[in-house]
Each structure stands twice: as C-alpha cells, then as structure tokens.
Amino acid sequence: MTSPASSSEVKYLIESSEGNTFDVSGAALRQSNTFNAMFLNIGADGPIPFTDYNEATLKKVFEYCEHSVNEENYSGPKHQDDLSKWDLNFFNEMDQKMFIDVINASNFLDIERLTSYCCERIARMLRGKNTQEMIKVITLPTAEELEAKQKVEEKKAAAAKKVAEKAAETAEKTETLEELPVQQLVQTTRNKLTRKYLSFSNE
Amino acid sequence: MSRFPLLRLPTLPLLNCIQYLKVFEIIDFSLLSKRTKALVSLVNWNPPDIHANFYENSKLCLKFPNDPGLQWILDFRVELDDELDHNTRVIDGNLFPSYINSALHGLKVFHYLTFPNDEHFETMRKMAEHVSMIFRTPIASFEINQQSDPSTMSIVKWFSTLQPSVVDLHIDYEVTTSVPTLLFILDNIIMTDHFCFNLEESTPDFEYHKAINIPAVILSHSHWITLKSILNSSSRVLILCESNLTLHDINSFLNHWLNGSNPKLEYISIRRSIKRMEENVEETFRIITKDLEIREHEEDGKRPMQIVLHRKATYQLSNSLCYDIVRDDGTIGTFHQIYFARSDDPDFLMHYFYFHVWNKLM
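So the sequence lines, in the order shown, correspond to chains A and B.
For the first sequence, the positions run 965 to 1167 when the working numbering is used.
For the second sequence, the positions run 492 to 853 when the working numbering is used.
One or more hints might be untrue.
[As the list claims (entries may be wrong)] Keeping only pairs whose Cα atoms sit at most 25 Å apart, straight-line, the calculated DSS-like set for lysine-lysine is:
no., chain 1, residue 1, chain 2, residue 2
1, A, K1113, B, K525
2, A, K1100, B, K525
3, B, K617, A, K1093
4, A, K1093, B, K550
5, B, K617, B, K513
6, B, K528, A, K1113
7, A, K1093, B, K525
8, B, K851, B, K793
9, A, K1100, B, K528
10, B, K803, B, K755
11, A, K1093, B, K599
[Stated by the list, open to error] Residues of chain B clear of chain A, computed beta-carbon distances all greater than 10 Å:
no., residue
12, E574
13, H596
14, D663
15, V670
16, T717
17, V772
18, K851
[Stated by the list, open to error] Which chain B residues stay away from chain A? Per the calculated CB distances, all over 12 Å, these:
no., residue
19, E610
20, T667
21, Y806
22, T822
Just so you know, these hints were derived from the structure itself, not from any lab.
Just so it is clear, the structure is predicted and the values come from calculations on it, not from any experiment.
Think of the CB as a built atom: it goes at the ideal place given N, C-alpha and C, for glycine as much as any other residue.
Input sequences plus hints: build the corresponding full structure.
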C-alpha cells in the first residue's frame, strides 16, 4: 500500500493474474464491497491480490470506479437510455469477452453500480423477444455440454463420496486405536484371572 | 454478432439480469430450458397474485403487488386474432402460435400473451404449473366456468395435485355437478377465503352433514346443506340460496347460536323457494322466533352496516324491520326476513332470512 497524504488520496496497489501491479485510488476501490469487507478496516500490506482477473479487466473495472467516484450514492439502476455518453462509450468499446470478464470481476468485487448496469445491458439483448428469438441471441448449452457437465458433477460427487468414506474409515481406525489399550487391559486382566483360577483349581 | 453465453455468468449477475426482464420475457426465458426455468425460480420475486380462470377462453392473470395497475394475462383463446402478428413459442417442446397485445382500461394496463386453447386445457394447465413454479407462488384464485361435470372433475383433480389449498374457488354456472365432484372439491381443496359454487347438484336427495370449514361460502343451490352441517361449520359468512332448510331449522339454528354454536359466524343469509299458499309472514315469524327472547332492533349507529363477504366483495346490510337476539357474552344477532314474488313462477315465493352477528364493542 502506498502511503497516503490524506484519506481521499490513498492509493492501493492491485495485483492482477499476470503478477502485474497498478495503482487504484482508495475512493474508487471503496466502491467494491468485497474490498470494504476485506481490507478497509485492517489495511493491506503490499499489493492486494485480485489474481483471478487479468490486468486489462481489472483496469477496465477500476476505470469505471474512478469515473463514478463523484457520482451520488448508488440508489438502484439507471435505465440504459439515461446513461451518460461516457457510460455508453465505456460499454460500447468492450468486446464480448471483455464484457463477460468485467461482469465476473465486478461480481466478485461486488461493485453494485457496475454489475447492475452490465446486467441491464444483457437484459436488453432479450427485451421484446420470444423463446425462438432468445435462442438466437444467447448460447444455451447443447445436449453434449449438458451431458459432459452432468458427468463432471457425477465424478465430483463420486470423489466427494470417496473422500467422505475415507474420512469415515480413518475415524473408525482412530477409534480402534484409541480403544486398543483398554481392550488389551481387559484381556490381560482376564488372562491373569483365568491363570489364577486355573492355578487355584490345580492346587 | 456471436451469441451471448448468458448461462455461463455467475449465478448472482445472472439472476440480476432476469430481474430486469418484463413478465412475458421472464416466462419466455424460463421456457428455454430446465436450467433457465430453475434460474428464474431462484430470483427473489415479489410474489404475484395468480388467478386462473378455466373457460372457453381461459385466462391466467398475474398481478404484482408493486405494480397494481398492471395485469399480465396469459390468454388461451379458441380463436386467435388473425390481424395480429403471430410468433411461435415453444412449450415443453411443442410449438404454439402466439401473439402479444396490450389494452388500456382507465388507469389500468392489461398485457396479453395469447395462445390457442385446447379442449382439455392442456396448455393452460402446463402454463399454470410453470408460472406457479417459476414465481414460487401458488395460484391464489381459481375459477371454472361453464364446464361439464367430467371436465370440472378433471380440472379440480389436476388442481388438487398442484396445490393443497387456494384462497378462493369459484365454480359457475348453468350446468349441474355430480355428488362425487362436489365431494372431491370439499374433501381435497382447502379454501382459505371463499368458495362460490353456482352449480346445481344433480342428485336432489343428496344431503351433506359434515362441517364446512371455509371462511365464506356462497352457494346458488344449497339444498344439500343440512342444519347439522351449518351448526358444525366454522364459516364466517354463509350465503345459501335455494335452501331446503325449514322454518323450524332456522329457529333451531338461532337457538343453537344463542347457546354458543357457530362462534365465528358474522353473516348468514338463507333463501328458500316456497309455494305461495304454504307460508305467511306472521306464521313464519312465530315459528322462527319460537322460544327466543327477541327485541325490536333500534338503530343507534353502533351496528356496522357493511360486512366483508370475502376479500373481493363487501355487502351493504338492511336495517328495515330487524329484530335482535342477544347472547350471554353481549354478542348481538340481528335478523330480518322478507318475501318476494318469483318472477319466473307466480305460484312460488322467495323467502329471505338474513342474520347479522355484531357486537357493540366492535
């Protein structure tokens, strides 16, 4: 974390998936509820790792945050028609891949305003369309993809079951080991008594 | 432009996207696949009031509490309007012609998504199940109009598998119903507000003695309801037309009420059809009030003059020629009776008996 001159000028270092770091103002970063929950009160030593997202995506997300620093507190989504020219340019210059990356990052960082605008933009793709027309706009998983997904889920479930069984087995073994000295003790006592009895009867 | 991989988004933004859609778009989206249906049902909806009306041109009406001036109506029509642009919609893999149009009535807006209706309401039933599931809310109000007895039975059987209770059930009219259908309804569907049944029971000798635990019961042909059934019932409002109750039954009812029966009752009206020469007002009054301590009702402004029949209707009470009986706890029962000539049969009279329960402390 860079040292601040005043609280509004605090700069934070952000680390991307490539390992690159760049500065983001505290004011911009505070639009992220995730950041607020994780670092605001305790501070951060060194760069904040948002390493699930690449530099371009994070820069795009924080570009939006820096821009909306002076906007009023978020009070629900604006209609797309009410977006400013800057907002429209911001969205229009993204390709589909970047747009999806931005939604994912914004969702993780919990930046309400940006996530809402992105979602409303997606909803507009479906606006006024029936089932047939929606299919032309969005990708639905094919039967093969669904089957593959189901297989993955089944594998995951089987693996989880195995882990659970192993855990149960280990727990059982531990139990047996813990019980062993007691059992041994009982057996030893029993043997001694038997021997005593036998020796007594022999006498 | 390449298609958008919407379903690959994380769940929260995905649900957020769905919330921005309008009702018909939400329904269309939910019809795309099992996954989209499941996703739509995850959204935290402000649950709509769903009204289903089975009729020649059936309707499923959705009203959202945050938009009281808007109604979204899935309209199932025998004949589609050829002048409107038809689109094809897919429901459970079957293609249906459909169109959307809107109408403005005063300050209210009605949006229609119209499909063809079929003889057994298959599409309507599927959509009722679907809509109820995606908005995670049961059908509140349920109406069957002008159906044959087998059709009514088929609809109520289907409905009872869909949900155990409904706020109000309204069955109308000009057709008869069989005892099995009537009993099926009473035994299998819990009605939490009112039951309005305007069918003639096809077995005239049938009598019903069990309690009816529906807050408001409105029957256009109630000859099957016995005094025993009324005395056992926990209803708040009973409107019984074409009743077979006798004047002695009414007297017996009043005596039982004085002794604490029907504690929830607020209003009962009984309409009987009798031969002109069989009764006269004085004799009727004498029988009805036998062994009762009655007093002429004095209007002092304390008696509420309107009662809520059910959540959709109120009724203005009359205060002409009323008499009071008073229970030990101070609850007052105000009654009056009136005869009308029957316009359709000059040999018959209509006898109306009204009984209103109230309390000065109310």
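Beyond 10 Å from every chain A Cβ - status for V772 (chain B):
It holds; V772 (chain B) is separated from chain A by about 65 Å at its closest Cβ, greater than 10 Å.
For the pair supplied as a hint, K1093 (chain A) and K599 (chain B), is the alpha-carbon distance within the 25 Å limit?
With a Cα-Cα distance of about 24 Å, the restraint between K1093 (chain A) and K599 (chain B) holds, given a limit of 25 Å.
Verify this label for me: T822 (chain B) is non-interface relative to chain A, using a Cβ-Cβ cutoff of 12 Å.
At about 51 Å from chain A, T822 (chain B) clears the 12 Å cut-off, so the statement holds.
For the pair we were handed, K1093 (chain A) and K550 (chain B), check the Cα-Cα distance against 25 Å.
holds (22 Å)
Could you check that no beta carbon of chain A comes within 12 Å of the beta carbon of T667 (chain B)?
holds (41 Å)
Do the alpha carbons of K803 (chain B) and K755 (chain B) lie within 25 Å of each other, as the hint requires?
This hinted pair holds, its Cα atoms lying about 19 Å apart.
So D663 (chain B) supposedly isn't at the interface. Is its beta-carbon more than 10 Å from every beta-carbon in chain A?
Nearest chain A Cβ is 33 Å from D663 (chain B), so the label holds.
Given hint K1113 (chain A) paired with K528 (chain B) - CA-CA distance at most 25 Å
Since the Cα atoms of K528 (chain B) and K1113 (chain A) sit roughly 18 Å apart, the hinted pair holds (cutoff 25 Å).
E574 (chain B): least C-beta distance to chain A exceeds 10 Å?
holds (19 Å)
Is it correct that the beta-carbon of E610 (chain B) has no partner in chain A closer than or equal to 12 Å?
Label holds. Min Cβ-Cβ 24 Å, cutoff 12 Å.
Compare the distance between the alpha carbons of K851 (chain B) and K793 (chain B) with 25 Å, and conclude whether the hinted pair is satisfied.
holds (6 Å)
K1100 (chain A) and K528 (chain B) were given as a pair; does the straight-line alpha-carbon distance stay at or below 25 Å?
holds (18 Å)
Figure legend: structure checked against the earlier numbered hints; every hint is met.
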